[in-house]
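The whole structure should be built from the sequences, with the hints applied where relevant.
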Amino acid sequence: MSTLAEILAALAVVIGGIFTLVGSYGLVKLDKPMSRLHAPTKAGTLGVGSLLLASMLYSAARGQVSLHELLIMAFLFVTAPVSAHFIAKVHIHRDHTAQELPVPPEDNVWATKNGMADQDDKDKA
Amino acid sequence: MSQRLMRWLFPHPLLTFILVIVWCLLINGLSLGTVVFGLILGIAVPILTAAYWPNRPVLSKPAHLGAYALIVMRDIVVANVEVAMIVLFKRNSDMQPNWVSIPLDLRTPEAIAILAGTITLTPGTVSADLSDQGHALLVHSLDAPDPAAVRDEIKQRYENRLKEIFE
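Protein chains in written order, with our numbering: chain A, 320 to 444; chain B, 893 to 1059.
These are calculated hints, taken from the structure and not from any lab test. Hints may be right or wrong, so weigh each one.
[To be verified] Straight-line Cα separation of at most 20 Å, EDC-like style, residue types lysine to aspartate or glutamate; simulated pairs:
no., chain 1, residue 1, chain 2, residue 2
1, A, 348, B, 1002
2, B, 1047, A, 425
3, A, 408, B, 986
4, B, 982, A, 350
5, A, 351, B, 1035
6, B, 982, B, 1059
7, B, 1055, A, 425
8, B, 1055, B, 986
9, B, 982, B, 1038
10, A, 348, B, 997
[Stated by the list, open to error] Not everything, but these chain B residues come out facing chain A in the computed CB check (under 8 Å):
no., residue
11, 898
12, 901
13, 1022
14, 1024
[As the list claims (entries may be wrong)] Output of the computed footprint for chain A on chain B, the stretches with three or more beta carbons under 8 Å from beta carbons of chain A:
no., segment
15, 917-931
16, 972-985
17, 1012-1021
This one's a predicted model, so the numbers in the text were calculated from it and none came from an experiment. Cβ coordinates follow ideal geometry from the N, Cα and C atoms, glycine included.
Here it is, written out as structure tokens:
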């Protein structure tokens, strides 16, 4: 039983490592700032998730049940989208004019660009 | 009277429950002392922070939240593999990154926050901005030749379910 759990833990470590590697590789390989944002959000979910799963399996195999990895996962899943959202907002704020983005279907303008129309015109002039 | 007392003691019953669980997970063990101290925190924290949370979000079908979490986890795994393939084997020049704007039927702020978080966690899409009145979500997609398909999938798969849960 404990051998099986250890094999599964090893497998989870390898899978987690591969996805984290792909995430980092994507950060280097992709060429546009918004595309690059996709890579680290990936490493944060499946990569780290599977490393933490390995940690839980390993401690279970050694007979000490440990579940606080679940907490790390929960905090990560709550905070990762927030930081990604902020990075995306900064990018929109600095590098895009309101005309480059699709028009919001119902309201007038995207929140980051609210009150920025004059600024965009000045930048162009 | 007792109802008012309960409401004063537990302004956010769900938050109390979550705090007890989080405390037990932090200690990484289950004993009477841990649960009691967790309960003390679970009662104190919501009372102290109640001023910042004037309203409780009302869940009309809280049971569906579990099913939603399972669907999202499955999608995270599937989509992670898909995007890893795109990153590894697709040339940058062949990719078609695109902005997708999603009109929102959801009105509850908590539900919109969960939807935005879900979109970012399921790889291939990152939620980037909200419109000024909060009626549309701007999403960036890594490889989307057809933005309308991405929009429809998000609306059907996630938004409809969240709408059932929250509204």
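Hint-by-hint comparison with the structure:
As the CA atoms of residue 348 of chain A and residue 1002 of chain B are separated by approximately 35 Å, the hinted pair breaks the 20 Å bound. Using a Cα cut-off of 20 Å, the hinted pair residue 1047 of chain B and residue 425 of chain A holds, with the two alpha carbons roughly 16 Å apart. Pair hint residue 408 of chain A plus residue 986 of chain B does not hold up; C-alpha atoms about 26 Å apart against a cutoff of 20 Å. At most 20 Å may separate the alpha-carbon atoms for a hinted pair to count; residue 982 of chain B and residue 350 of chain A meet this at roughly 12 Å.
Using a Cα cut-off of 20 Å, the hinted pair residue 351 of chain A and residue 1035 of chain B holds, with the two alpha carbons roughly 12 Å apart. Pair hint residue 982 of chain B plus residue 1059 of chain B does not hold up; C-alpha atoms about 41 Å apart against a cutoff of 20 Å. For the suggested pair residue 1055 of chain B and residue 425 of chain A, the alpha carbons sit about 19 Å apart, so the restraint of at most 20 Å is met. In summary, the hint linking residue 1055 of chain B to residue 986 of chain B is not supported, as the alpha carbons are separated by about 36 Å, beyond the 20 Å threshold.
Straight-line distance between C-alpha atoms of residue 982 of chain B and residue 1038 of chain B comes to about 17 Å, which keeps the hinted pair within the 20 Å bound. The hinted pair formed by residue 348 of chain A and residue 997 of chain B fails the criterion: a straight-line CA distance of about 37 Å is larger than 20 Å. Annotation: residue 898 of chain B was flagged as interfacial toward chain A, and the flag is violated, the nearest CB pair being 27 Å apart, outside 8 Å. The interface hint given for residue 901 of chain B is broken, as the beta carbon of that residue sits about 25 Å from the closest beta carbon of chain A, more than 8 Å.
With a cut of 8 Å, the hint placing residue 1022 of chain B at the interface with chain A holds, because the nearest CB-to-CB distance is about 5 Å. A hinted interface residue such as residue 1024 of chain B counts as satisfied when its beta carbon comes closer than 8 Å to some beta carbon of chain A; here the least separation is about 5 Å, so the hint holds. Note: the segment 917-931 of chain B has 3 residues with beta-carbon separation from chain A under 8 Å; the three-residue rule is met and the coverage holds. Closer than 8 Å: that is the beta-carbon criterion, and the segment 972-985 of chain B has 6 residues meeting it against chain A, so the requirement of 3 holds.
For a cut-off of 8 Å, the count of residues in the segment 1012-1021 of chain B with a CB near a CB of chain A stands at 8, and the three-residue condition holds.
Hint check: violations occur at hints 1, 3, 6, 8, 10, 11, 12; the rest are consistent with the structure.
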